[in-house]
Amino acid sequence: MTSGSVLLEAKQLGKQFKTGSGTLDLFVNLNLTIHAGETIAIIGKSGAGKSTLLSLLAGLDTATSGTVEFEGKPLESLTDAERAKLRADKIAFIFQSFHLLPELTAQDNVALPLEIRQQAGAESKASEWLRNVGLGDRTDHYPSQLSGGEQQRVAIARAFAGNPALLFADEPTGNLDEATGQQIVEQLFSLNEQQGTTLILITHDLELAKRCQRRIQLSNGAIEELS
Amino acid sequence: MSSAIPRIARRQLWMQLRTIEWRVLIFAALLAVTLTSFLSIVSDRLESGLLRESASVLGADLVVRSSRPIHEQRTELAKELGLTTTQVIQFPTMVGAGDNLILSSAKVITAPYPLRGEVITDPPMSATVPEPGTAWAEERIIDQLGLSIGDTLQFGYADLVLTATLKQSPDRGSGFNTLNPHLLVNKQDLEKSAVLGPGSRAEFRLLISGENSALKSFETQLKPTLESHERILSLINDQPVTGNALANGLSYVRLSSLTTLLLASLTILLALRRFGHAQQSRSALFLSMGLTPKALVTLYFWQLGIAATVIALLGGTAGALLASLADLWLSGLLPQALPNAQWSSYIIGPALGYAMLLLLGMPPALEQAKVPVAQLLRSDQSSTTQKASWGLYAVSLVLLSAVLLLFLAAPAAAAVLLVMLGISGLLFGWLAQLILHSLGHFLANRLALGRLLIMRLRQQRKWHRLQAGVMVLLLMLLSVIWVARQDLVKEWQAQFPEDVPNYFLINIQEWQKPGVDQFLADREIDTELYPMIRGRLVDLNDAPIRPQLNEEQLKDNSLRRELNLTWREQPPVQNQIIQGEWWDPESNDHQISIERDMLEDLGLELGDRLGFDVGGQPVSGVITSVREVKWESFQPNFYVIFSPAALQSYPGTWITSFKLAEERKAQANELLREFPSLTLIDIDQLMKQLAGWLERLAESSAFVLIMTLATGLILVTITLLQALEQRKTEVALLQTLGARATETKHLDLLEFGLLGLVCGSLAVFSAEITLAAMNEFLLKIPLSAHWELWFTLPALASFAFIAIASLLRAPLKIEQCYAILKNNG
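The listed protein sequences derive, respectively, from chains F and C.
Those letters in the first sequence? Residues 0 to 226, per numbering that gives the first Met the number 0, in order.
Those letters in the second sequence? Residues 0 to 824, per numbering that gives the first Met the number 0, in order.
Bear in mind the hints are in silico, worked out from the structure with no lab data behind them.
Note that the structure is predicted; figures quoted are calculated from it, not measured.
Just so it is clear, CB atoms sit at the ideal spot from N, CA and C, and this is done for glycine as well.
Some hints could be false.
To be verified - Calculated pairs, DSBU-like style, for lysine-lysine (alpha carbon to alpha carbon, straight line, at most 30 angstroms):
id	chain 1	residue 1	chain 2	residue 2
1	F	K17	C	K461
2	C	K629	F	K89
3	F	K44	F	K17
4	F	K89	F	K10
5	C	K461	F	K44
6	F	K124	C	K629
7	C	K629	C	K658
8	C	K293	F	K72
9	F	K89	C	K369
10	F	K10	F	K209
11	F	K72	C	K369
12	C	K369	F	K84
13	C	K191	C	K461
14	C	K369	F	K10
Stated by the list, open to error - Stretches of chain F that chain C covers, calculated by requiring three or more beta carbons in the stretch to come under 8 angstroms of a beta carbon on chain C:
id	segment
15	45-59
16	74-84
17	93-100
18	105-116
Unchecked claim - Per label pair, the in silico range of CB-to-CB distance:
id	chain 1	residue 1	chain 2	residue 2	range
19	C	R22	F	E224	51 to 57 angstroms
20	F	A80	C	G116	55 to 61 angstroms
21	F	S64	C	L736	43 to 49 angstroms
22	F	A119	C	L254	53 to 59 angstroms
23	C	K369	F	K209	37 to 43 angstroms
24	F	G133	C	V309	38 to 44 angstroms
25	C	A740	F	N219	43 to 49 angstroms
All chains, full assembly: derive it from the sequences and hints.
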């Protein structure tokens with residue numbers, strides 16, 4: 000995938016929920032085109048549907064109407080196994096609450112997605128990525144022995160280790176204090192730039208959103224691209 | 000990933016062993032596997048040592064068993080067909096050395112012996128039959144008589160030299176023969192010993208082996224000519240051991256383990272369900288990294304498989320270790336050391352452990368594949384909760400029930416018990432919750448915490464139903480078994496008045512009778528000798544009896560074997576005439592006095608004429624009286640007594656029983672020394688042996704009960720654990736709203752105290768009803784209330800609930816409360 004070509008495209012996307020009194024449209028006819036290498040922030044109030052949009056874009060949920068195409072292929076036409084393979088090969092996530100496995104060392108946590116892909120040299124690649132995030136001396140530490148910021152750095156290393164085309168970051172600084180959050184953001188954007196990964200970031204933080212090339216506001220079931 | 004999955008599963012399990020649900024699960028599964036391993040190994044050893052009538056244990060391919068000497072033509076037929084035969088005579092007899100006597104089962108044999116299987120002796124002997132003038136005895140005889148190899152023992156009129164200890168031998172015989180210690184004697188010594196006279200009680204066996212076709216042909220030709228005193232035992236149509244007290248006891252213990260297995264299964268089910276819920280975000284993470292749903296399920300099955308392997312190894316070893324103590328535990332009761340168990344019995348417990356974990360783990364493992372990855376995205380708090388797949392749970396429970404029923408080997412009885420336990424549990428749970436609800440309303444305006452209590456009872460009602468169902472069932476079963484055991488023993492002991500005879504003397508020949516009479520009279524032993532003649536009931540009112548009876552009556556034992564008949568002038572003192580008159584001196588006809596049960600079971604009436612076949616001669620008489628017989632009196636008792644003229648001229652033996660006080664027991668030895676061929680049965684020894692087995696049965700029940708109690712308490716723990724998060728949130732909310740920590744603690748105490756009281760009271764109520772029904776219909780003893788239960792059960796239940804809840808409940812600080820509410824909001 001060359002930089003600038005369309006990586007992900009949502010066409011006429013709609014999501015409906017059943018409620019006790021009928022149905023609720025979270026969004027209707029939503030269109031969004033994301034190019035390879037772009038950084039995009041999705042902002043919006045609580046309950047606006049940011050996570051649902053992310054789930055649809057990542058192929059984790061199915062839309063009520065419309066399609067999401069990844070590299071031109073509609074995600075809804077893929078089987079569970081094909082979607083799993085897509086996630087393994089091309090997509091990575093960074094979560095607000097890190098989600099590291101407590102029984103694995105930092106190195107094993109980073110190596111995990113590589114092992115799932117049955118990639119050779121998982122361990123050396125994992126320690127290389129830990130060095131990249133400044134945790135080269137903490138490879139044998141368990142998550143419980145690391146601070147919140149360090150844990151999120153391990154999660155960032157894990158996300159980049161698989162060399163993904165698309166990275167979803169869901170409130171990556173939400174569980175961290177401001178200073179640590181700032182460091183994490185610097186690291187995330189610098190690695191993203193180095194790797195040329197497409198980044199879709201969900202955040203409440205407008206300052207953080209400003210670091211992205213594009214900002215999309217989700218409100219009242221529609222998106223608006225902010226300048 | 001294929002190689003990474005087992006590694007991740009192992010690490011995941013290792014870390015999760017620290018969680019309470021895995022600890023509870025492992026403990027419950029270990030108890031279940033240990034118990035089943037122990038029971039299957041011990042049952043197998045007891046069965047193959049004492050009960051199983053198959054393979055080499057039969058000592059032959061086919062056996063003809065008879066209560067009379069084997070017909071010549073049976074042996075001839077076998078020889079014509081090219082089969083190998085040998086004869087065995089087995090009978091109970093007292094064996095002596097010095098002043099000591101022991102009741103043993105003598106087996107008189109002749110070479111070749113056995114035809115299948117082997118006789119093992121210490122020291123090993125080249126021959127398989129003792130030389131004439133020598134004998135081989137099982138350990139208990141040697142111990143009891145204080146013998147060493149080379150010593151002499153007294154066998155009737157013969158003195159035999161003990162040349163070896165009998166370690167193992169096939170062909171143990173039936174009934175008491177299997178439990179009494181064996182003495183192997185050469186046939187040539189039988190006549191010299193004179194222990195067996197005409198009409199003596201003995202089991203005669205013809206052992207046969209050879210080609211299958213010849214055996215089948217022998218069986219086919221023999222069957223139509225088989226007489227009522229004969230039975231064929233063969234490997235082809237070998238009948239399972241039935242009606243044997245020890246076999247029944249074993250299946251009772253196995254059945255009683257069902258409650259433990261059921262509780263353990265429920266515990267494992269709840270623990271795995273909780274585990275499954277706790278795994279959802281982990282599973283979502285794996286799926287987000289591209290692990291396929293199939294690989295994720297494989298990962299969880301690996302984890303369950305590793306846990307099951309550890310449990311199988313530990314539980315199987317614990318069960319085997321406990322079983323290896325069985326020899327010690329049954330010491331003094333076993334005639335010989337038990338053989339080793341078959342390897343298959345060692346894998347039953349571990350296999351059950353695998354079945355439990357994998358079947359009950361199937362629903363939560365499969366559910367992981369459906370976990371939405373989106374639940375990891377927290378910005379909108381949009382986590383989705385999974386609905387339980389009830390269909391999957393139903394399938395796994397049905398499969399597990401099938402496995403349990405198979406293990407218990409009595410599927411029908413176990414299925415009934417399973418359903419009964421299930422229904423009673425549901426009923427008790429529902430009742431308890433109803434009572435708690437009413438109590439809550441009653442206390443609402445009477446207690447400061449009353450309103451909160453109502454809220455709590457409503458919120459926890461689902462768990463209260465389950466907890467109460469389990470607790471009531473557990474306490475009821477425990478108290479019924481505990482009390483019934485005491486009642487049974489009391490009833491058993493009360494059956495025998497102080498002065499019941501403690502010796503039976505049988506096989507007294509006609510020519511010995513005056514001598515024996517004199518011996519007893521000289522020593523002022525108050526007793527009476529009864530003639531005993533064997534006969535088979537063949538006619539009713541001068542026509543064959545069988546066509547005149549219905550199917551149920553035809554099954555009656557009195558038609559299936561020869562009866563012991565007697566004749567006398569006067570009615571026996573210990574019998575009571577309840578219908579008709581004793582002999583009419585005017586009548587010229589032979590008269591019969593019959594026992595009540597036999598009269599009723601065969602549908603007979605006064606005035607009916609019964610015809611017997613006595614050694615080929617027909618003898619008949621008219622029923623003129625009906626007697627009530629106290630079988631537990633240990634007096635010679637008879638179903639049928641004839642007027643003297645009918646049987647006086649027939650050859651038979653004499654029988655009597657008498658009481659010898661402890662200090663006069665030496666006279667029994669004198670009697671045997673004077674008349675060595677008599678069979679003297681020491682009832683005290685027999686009773687002691689029976690009491691020993693009963694005691695062991697009670698002990699094994701107690702062992703199963705302890706296991707049941709332990710699993711029950713673990714189950715209550717896991718049910719409390721299930722609602723723990725909810726409780727924590729509620730306590731946090733109450734404290735944030737201004738309640739003091741002590742108040743929330745008091746609320747817990749009140750809730751569990753009440754739950755315990757209700758469960759205890761329901762348990763008392765149901766236990767009393769069950770005990771009353773048992774006393775009325777089974778034991779036939781007067782009804783009585785068991786007041787001790789009325790206090791202990793409610794107290795015990797409340798204590799158990801409060802104790803477990805206090806262990807799980809950690810007091811919350813106000814700052815923790817806020818954190819909990821924030822995280823769960």
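| Unmet hints by their number, sorted upward, for this structure | 2, 5, 6 and 13
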